[in-house]
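Engineer: Could you slot chain B onto chain A? The hints should help.
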Amino acid sequence: MMFFQTPEFFFCLFVVLAIYYLLPRGRMVLLAAVSLAFYALAGLGPAALFVGITIANYFLGKALLGPHKKRFLWAGIILNVANLVFFKYTLFFLSIAEKVFNIALLPKIPFVADLVLPVGISFYTFQFISYLVDVYQQKIPPSQNLLVFWVFGSFFPHVVSGPIMRGGELIPQLEQIQTLEIRQNIRLGLGYLAMGLFKKLLIADYIAVYANNFFAGSASLGTVETWIAAYLYTFQLYFDFSAYSEMAVGIAYLFGIKLNLNFKTPYLSANATEFWRRWHITLSTWIRDYIYIPLGGSRQGELRKYLNLFLAMSISGLWHGAAFTFVIWGMYHGLLLIGHNIYRKFKARLGLKRFFNSAAYRFLSIFIFFHLTCIGWVFFRASSLQQAWQMVHRMVIPYQLNFSAYTGKFLLLIAGLYLLHIVENWVREHAAQIGGAWERLFPPPLRALAYTAFILVLIIFSQGQTSDFIYFKF
Amino acid sequence: MKKTAVYLLLFLLIIELILPGVVPLKSAYDSRMNYTVVKDNPANIDVVLDQIKHQIDSQNIKDYVIILGDSVAHSGPGPADESIGARLQEYYLLAGQKKAVFNLAMPAMQTGDIYTMILKLDEHGISTENLIINLIYAGFVERNPDPPVVFWLQKDLARLDPASYEQVTPQLTANGKIAREGPTQKLNRLITERLAIFRYKDFIKADLQHRFYELTDRQEENALGDPRPWYQKEGLQKLLASPEYQRGFAVKPFDMSQGNPQIFFLEKIIKHQQGKKTLVFMAPVNYELVPQVHDAGYQSNLQTVKDYFAVRQVAYIDFHGLVDQRLFSDHVHLIGPGYSLMAQRLGEESLAGENQL
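Going line by line, the protein sequences match chains A and B. Each residue of the first sequence is one higher than the one before, counting from 1 in this note's numbering. Each residue of the second sequence is one higher than the one before, counting from 1001 in this note's numbering.
In isolation and in its complexed conformation, chain A is listed as follows (with noise of 0.2 Å):
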């Protein structure tokens, strides 16, 4: 595997991106070739795998132009999923089937516990879905270029954790890849990459230091540590997953192409449908778009709506992994959402338009929700129900309650990185503005020293071992 932040990523994408600029006609083959060459690096194995389910897919979507197309559907449907089960669930559900009827499987199956996750599996399989119905629903027309169904699939910078991207969003673009404008989006692409590798390596890899200590620990944290915990992970999380993105972006917009954001600053959410606006958006849009509007979205009364709520939350929280702390942390984002949906109805009823709009209400409402994101995170990062649910019960119930220097230096860290969450808001509502001024009011030669500061602050500055992505293993 090769990681984005890592000196031979940089290497091998300067020598592709030299050899895609100086041969246009040529880049669409490179793009493939790269993708399949970045993919393998992963195992030959699990790309064997991928190579075949693409092709697959491109056959099934082209037959869903044909007569028996529902049938196809499905079928694209259930290899795509059956695919994702097998290599994430199997085990998973044997061993809740071992429980529940009190047998011996996996010892006669011994093989599963072998099993090894495809990396981007969960990702790409989400995205050859979204291809297969949108392609049914006509939407968006089958691919006829195998090589550019391929890239759709596999580009290296998303292939791995997203962003996941719809056929009608990127299929297009590589249709036009010889004549794609590229220099305008290099500056953009540079800024993205640059904000991404800041995120990774100067903050995510430094906080996941404390957050995993705090974490290894947590059955002897009182209510105040497994709260710094909790924020730390937060934060981790935030700036590990949006680094990502970020850094895919950027590459990609380096190709000049574009993919979608994942997150807009999420913690500055009033409350979970927002969240789910400004948190992985390609995933809480795909989840709306192919889960629960088929479900039956909000078109069946109130009651149907919440249930299809917490299905598809719930659904949601089971993509991320093949355990019941993401299944919980799922279900509870659902009740989040019923809860705001219910809290919408009675605020209307109330009437107290000016105060609701009020910036105090405001701070308020992000202030609360930001809390209770973090006890949904406790889920997602505890390695067993057992230690979730006892470092929640003491988040909520007061145990142990003290306040020290030590845990005055970390509040005063979450405070910081809060900030920085609010400094990051500001920067990509004035970017246009801010860009313009950096390159009106300073020289091209103090431009450069700033530059080669931030490379060397990024190189000195960052861990010794590279980590990869919290998301990797999703």
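Please note that the accuracy of each hint is not assured.
FRET-style restraints, in silico, Cβ to Cβ [as the list claims (entries may be wrong)]: (1) A:Leu44 to B:Leu1190: 21 to 31 Å; (2) B:Thr1304 to A:Ile103: 28 to 38 Å; (3) A:Lys264 to B:His1124: 50 to 60 Å; (4) B:Ala1196 to A:Asp114: 35 to 45 Å.
With a straight-line Cα cutoff of 27 Å, these simulated BS3-like cross-link-like pairs (lysine-lysine) come out [said to hold, decoys possible]: (5) B:Lys1155 to B:Lys1039; (6) B:Lys1098 to B:Lys1053; (7) B:Lys1306 to B:Lys1039; (8) A:Lys258 to B:Lys1002; (9) A:Lys409 to B:Lys1099; (10) B:Lys1238 to B:Lys1099.
Think of the hints as simulated: they come from the structure by calculation, not from any bench. Every residue gets a Cβ at the ideal spot worked out from N, C-alpha and C, and that includes glycine.
Structural biologist: Leaving out everything else, chain B in the frame of chain A:
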């Protein structure tokens, strides 16, 4: 944008060229190797050696002693200024000797690492004319398969002496110390070992940290652990009762054939050091914490090692019984005055001029 890119490349090139000359040696080496910096990336040892070579050349140092060994010679858990290297340097100064001391010992270094370090010294053009080598009793005990006979420097051994590497490959494989290097790791190594910014990054970081401590008037902690004497520490006896530690004091007669990887590498070292000054010392052991020392088998093993070096005419000091029990920090490491005492004895012996192979 083009102009900015050109300036950026120019600045990066300037940094690449000037960096090796501006990173201060203290961040790489201060009376001993900076263990914090080296432990996560053994390739940093080459940077230390580069810097030492630079110092030797720029200051025209002709007479110097290199210390090799494990945590005892590195002098853990205490601070650098109380280490054997620092104390030996003081001893030479007081004795009116213009000898420089470079302590390149590192915790967990095994005999295979020591041999590889000697080859690396040759590679960097640093003389091995005057060596002091530290061994421990546990190094001779049969490995099962832990510990690996080369703990840090497998890649260097494979490069510098492929035949020896091949010889000990089964032992290293059994210890999980041989990881197949994939294409990405190879490319990473090629880049990070060649570009100065990557080579020096850990040292720059350490130096910046050092300056930050100075600026904020805080004491920088360079001790590796708790430097208090052993009798002030709780739980040591319980810790030493674990099989992992007990195995290191086994009283079974040592296998002194080349089938024992320890002997295999000692023979290599002795051969390499023919005609050079080499002083080997056996680290002492705390009798109170390791009662096996009184066992006849243990004593017989110590005698066997002594005879081994005597036959090969290698200067050898066995520190068992030469260090007061109160000077130990744990079962084998010492507190400052203990290392001082050892340094003095090593200084006397090294100046006696009887240690030429």
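Engineer: Now, for every hint given, state plainly whether the structure supports it.
Structural biologist: Results for each hint:
no.	hint	result
1	A:Leu44 to B:Leu1190: 21 to 31 Å	holds, 23 Å
2	B:Thr1304 to A:Ile103: 28 to 38 Å	violated, 59 Å
3	A:Lys264 to B:His1124: 50 to 60 Å	holds, 53 Å
4	B:Ala1196 to A:Asp114: 35 to 45 Å	holds, 44 Å
5	B:Lys1155 to B:Lys1039	holds, 15 Å
6	B:Lys1098 to B:Lys1053	holds, 17 Å
7	B:Lys1306 to B:Lys1039	violated, 32 Å
8	A:Lys258 to B:Lys1002	holds, 23 Å
9	A:Lys409 to B:Lys1099	violated, 47 Å
10	B:Lys1238 to B:Lys1099	violated, 43 Å
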